[in-house]
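Input sequences plus hints: build the corresponding full structure.
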Amino acid sequence: EAAVTQSPRSKVAVTGGKVTLSCHQTNNHDYMYWYRQDTGHGLRLIHYSYVADSTEKGDIPDGYKASRPSQENFSLILELASLSQTAVYFCASSDALGQDTQYFGPGTRLLVL
Amino acid sequence: QQKVQQSPESLIVPEGGMASLNCTSSDRNVDYFWWYRQHSGKSPKMLMSIFSNGEKEEGRFTVHLNKASLHTSLHIRDSQPSDSALYLCAASGNYGSSGNKLIFGIGTLLSVKP
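If you read the sequences in order, they're chains A and B.
Plus 1401 on top of the position in the first sequence (first one is 1) and you've got the numbering used here.
Plus 14 on top of the position in the second sequence (first one is 1) and you've got the numbering used here.
It is worth saying that the hints were derived from the structure and are not from the lab.
Ideal Cβ placement from N, Cα and C applies to all residues, glycine included.
A few of these clues could be false.
What the hints assert, rightly or not - From the derived model, a few chain A residues whose C-beta atoms are all more than 10 Å from chain B:
| id | residue |
| --- | --- |
| 1 | 1430 |
| 2 | 1463 |
| 3 | 1476 |
As the list claims (entries may be wrong) - Just a few of them, taken from the derived set where beta-carbon distance is under 8 Å, the chain A residues facing chain B:
| id | residue |
| --- | --- |
| 4 | 1443 |
| 5 | 1446 |
| 6 | 1491 |
| 7 | 1500 |
| 8 | 1508 |
Following this line, the structure appears as structure tokens:
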């Protein structure tokens, strides 16, 4: 089965601090995604990428940056963490955009205090 | 407003019963539908997908799609306690400059009672 790993699995951050969430996939997939999940909002797409060294904005990119240094790795960066960014973050990968199964990592639970 | 709307928000069915979940898109650009299942504390996993009008069956799970009304439904027969989870419907289509991304609904929380 396709493998996506995330680190850290949980994190407590302070308001205004910098947070980096990392994702690694061994599926040889071109597409990688970052989602956040909140009660009442479901899964919302933050950023995605289809090739190394290039990222695209998703539906809620404000306050987040993304980096894709290689096909296998995709990071989400919160330069100035805020209380509203407390959520569970999922990374996913797929072969194609919107037309192929997305494989999700285990998630990172982020608490911003 | 959510582009992908699911109902009901929550559902309780007895073990062995039938669970029926609904999903509708408000966007005429949608042409693919997916159902993901997420157990508590876990990540979503794709359960079934449907792209053509009609019905698709895999074991105890059946998915229907009506492309004219952009409505899909998931039916679980002989429901088991292990089916208790959040069921997420997702749709993708040609959103122009936004590409072909997946849009997720908020989900239906299914609880199967022994």
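If you test the structure against every hint from before, which numbers come out violated? Checked against the structure, no hint fails, so every one of them is satisfied.
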